Amino acid sequence: MSAKDFLQKLSEAHGVSGYEHAIREMVIAEFKPYADEITVTPMGSVIALKRGAGKGKVLIEGHMDEIGLMVTDIEKGFIRFTQVGGFDVRVLLSQEVIVHGKPEGPGGKELRGIIGARPPHVLTAEEREKVIPMSDLWIDVGLPEARVRELVQVGDLITYARQMVELKNNLVAGKAFDDRAAVVCVAEALKGLATMKHAWDVYAVANVQEEVGLKGALTSTFQINPDVAIAIDVSHADQPNTSEINTVPLGGGMGIAMGPNIHPMVHDKLVQVAKDNEISYKIIAESGATGTDAWAMQVVREGIPTGLIEIPLRYMHTSVETLSVTDLERIGRLLALFCASLDDKFLKQWRGEAVAEETTRKARKGTRKVAKRK
Amino acid sequence: MLLEKLSNARGVSGNEAEVREILIDAVKDHVDEYRVDTLGNLIARKKAKGARPERSRRTLRVMLAAHMDEIGLMIVHHDSNGYLRFEKVGGMDDRVLLSKTVLIGKDKIPGVIGVKPIHLLKQKEREQVMDADTMTIDIGAKTKEEAQGLVKIGDYATFATEFGAVGADCVKGKALDDRAGCAALVEILKHDYPFDVYGVFTAQEEVGSRGARVAAYAIEPTCAFGLEGTVCDDSPKKKDVSPVTRVGGGPAITFADNSLLSDRRLVNLLVETAKENKIPYQFKQAVAGGTDAGRIMLVKEGVPSVSVAVPTRYIHSPVGLLSTHDLDNLIALMTKALPKLAKGLPEV
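Protein chains in written order, with the working numbering: chain A, 107 to 480; chain B, 496 to 843.
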């Protein structure tokens, strides 16, 4: 499937954190032809293994969950809700949504709904100047109260009903590009690796539960115990009313992150591969927590050398997240080339074996000196 | 379904051509003549059929009006980096605009109304309503020049909402105000009446009922009915305010809105007809909005007028909702009530 088609499929499907099953099936189907082995972790993350010719394990990942809403109450047939993940409440008014109600019964699945907006005719000027808190919003599913109570219960999940839109210059807009776009990059990397020789085992991973605390990445990375892990996640692109500082323009390739979350050698290697292959990128300074799976993966077990590639994205966490498909293809290519560039020599470097041998020699000398002095 | 076609069609005030074409197609086989006037109104005439009314009623002309136009946006500026600025056409709450998809101009260029991500907002910004004139439409253009080549100043934009079924017997879509009235009027024109009926699909209601005014001037109707998709505010609220109308409660008969004071004889005609035929009905319980009927009533020496409507939730936003039962009942009520006019207006 092309990057654009796969993105559309993933974007228009629904999977709030903890409920990624529909996405998981799509990811498995797409990864399968390129993988030697596919497993699902106890938490639900997908791990596709493509074996290399030598030693070493590299993990590339994106998360497949999305932010969403959750039913808190039914009032006169209208649905009250709260959020799973961070929403700007101002974007919710007049959105079309899907309420994922009880699956049994006709019309009992995926109820279409509208987050209602009172008409301006009945609003005072004062009311129109106020942001409506989430607790005062409601979802209308066009059913009488008794039927709503049959089909919907407190705790049911709600997602945006949004078809992907194609804009100019190979840009697209839609929901849940954060971070299904990264899953597309990982799929593109697997496709690329199918025509390349690579020494290291490549673990292509689609993680669950990122939006609620990086939970999928923490656990799947423990299971894989990679020598290097690369997270792919969205970051703010150039867009109206924001600063251009430290952002990648849409269509500008990608951000390669640097900072405490990133192993300098992984960073350097990513940059070098990008340069060697004339893939456009920009270095992004991340001065602390990146808020991505890279943050969790870095401290798994005894610590994992971690890199982060950032997909430029406008209007994050809205239903019109906008990105460049060309950027996704570029990232996929870079990931494939990066994985293929890893060899035994690097493995020793990553593992610090070369350094360790040196240190041991020095340490032995030191011991002898100390002994003499005694 | 005609309503689906009408709702998906694009016709912001002043640019009703696409809607008009659909309506010409829908009515041409059911009327004796039709024309399009200077403002873009589609005026369809059905001559009297069957038993002629009494001599004194021979000149009876009944005007039925439903407006074709919808609220929308108009492009006013190209930003230096390829984004578009817009103004609203018709009354709209700025708060419904963020994170919506639109289609711009004849070529239906897709665009999105973006917003600074929550991650970059200061708490103060999150608590502030964003004014429409600070918003931008993103069509993916890289430069001002590219945007200028794709979209012109003055191009209309509509919400890219698609019509569809919701719940058991409701539908959702854009522009249900007043494509619901248009769909009802088409059905009403399929019946014969013993007097001349003018079905007028009006232009520019949302910017001041300008089409209805000139159409009524030309027709000189004896009386007029405005068919609407009207305000419905029946969702739960903390404050105890009027729901205005209720979805599923039947067609809403208006006593008065901000422009109209309905003729009591016509109100009685509708109420009596509804009772006789056991058609559910309700009264619009608030003085809100202005309609074509309010303009028509003041044309020339005055025209007794009434407005009757399908209760429609979330009008003047990207997506509204109505019950198809209410729409069917509006059609039933009108087709039963109109023939009674042959005997003259009922007394108060």
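A portion of the hints provided could be inaccurate.
Coverage of chain A stretches by chain B, computed from C-beta distances (three or more under 8 Å per stretch; other residues unrestricted) [to be verified]: (1) 123-136; (2) 178-184; (3) 286-295; (4) 347-361; (5) 406-416.
Rather than coming from a laboratory, the hints here were simulated on the basis of the structure. Here the structure is a predicted model, which is why all the values come from computation and not from measurement. Even for Gly, the Cβ is constructed at its ideal location relative to N, Cα and C.
Structure-based check of all given hints:
no., hint, result
1, 123-136, "violated (count 0)"
2, 178-184, "holds (count 3)"
3, 286-295, "violated (count 0)"
4, 347-361, "holds (count 3)"
5, 406-416, "violated (count 0)"
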